[in-house]
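When you line the sequence shown up against this note's numbering, it's residues 1 to 219, in that order.
Note that these hints are calculated values from the structure, not bench results.
Mixed in with the good hints there might be a few duds.
What the hints assert, rightly or not - With a straight-line Cα cutoff of 25 Å, these simulated SDA-like cross-link-like pairs (lysine to any residue) come out:
id, residue 1, residue 2
1, K213, R20
2, K213, R145
3, K213, R172
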Amino acid sequence: MSVLDAPEVSAAAPLRRLQRRLAALYDLPPAPDVEAFLCGPERAAALAPGETRRGEVLLVHEVDGRVEVGLYVDQGALRDLAEGSDPDFGAFCLAAEGVSHFVYLAFRAGEGGAVSQLELEVQAEVDTFATALLGGWGAGAFLERSRRLRARLFERPRYHDGAHTEAGARYRVAHRAAARYAEWLEARFLRRGELTPFVGELRRYYRRGGAEKLRLPRG
Numbered sequence: 001m002s003v004l005d006a007p008e009v010s011a012a013a014p015l016r017r018l019q020r021r022l023a024a025l026y027d028l029p030p031a032p033d034v035e036a037f038l039c040g041p042e043r044a045a046a047l048a049p050g051e052t053r054r055g056e057v058l059l060v061h062e063v064d065g066r067v068e069v070g071l072y073v074d075q076g077a078l079r080d081l082a083e084g085s086d087p088d089f090g091a092f093c094l095a096a097e098g099v100s101h102f103v104y105l106a107f108r109a110g111e112g113g114a115v116s117q118l119e120l121e122v123q124a125e126v127d128t129f130a131t132a133l134l135g136g137w138g139a140g141a142f143l144e145r146s147r148r149l150r151a152r153l154f155e156r157p158r159y160h161d162g163a164h165t166e167a168g169a170r171y172r173v174a175h176r177a178a179a180r181y182a183e184w185l186e187a188r189f190l191r192r193g194e195l196t197p198f199v200g201e202l203r204r205y206y207r208r209g210g211a212e213k214l215r216l217p218r219g
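Based on the sequences and whatever the hints tell you, model everything.
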């Protein structure tokens, strides 16, 4: 996996922190530093017209069997996370989703496996929930925090793309799958305060293939 002509972008520290959190949470092997792959808005808009409206875009091109990657995250969100003592939750979600895409793609590439867009989206939604929960977003104990985060992340979603479009259908499937899984995690582990098994399940889920991510674990 190599850099897709990505210029240096300021305020990247929050993304590096998120990358370290994901690596620790999922016990991942060493991966390239996300900062080296960041694209500015002009470059991202040229490579993916219209996609920067989402606030984050993972740019992937395959050339002669080699994957070239760039990552765009809205610079306003990055500045908010880097400078604010009380950062905006929406900015955190954009950054978490972008870093999740990058880290998961790097993991799958290192394993020599393919990855679908749906798989990336499901994992990003789960990663946002998990990192927010374990990173201290929201007040209260884990169970209370989980309930509030699930409501915030999964109730009344708003989509950029219509349900009739390929992207819109994909995001809706990913959102529903992640919402069901987060609810299952809460019922299975967080109600009992079982954080070690909770992390163990997250690590197993991370290594499942795309089709498996759409099904709830048994038990």
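A quick look at each hint next to the structure:
1. The suggested pairing of K213 with R20 holds, with an alpha-carbon distance near 23 Å, which does not exceed 25 Å.
2. A threshold of 25 Å between alpha carbons decides the hint, and for K213 with R145 the separation of about 23 Å falls inside it, so the pair holds.
3. Our distance criterion of 25 Å between C-alpha atoms is met by K213 and R172, whose separation comes to about 14 Å.
In summary, the structure agrees with every hint in the numbered list given earlier.
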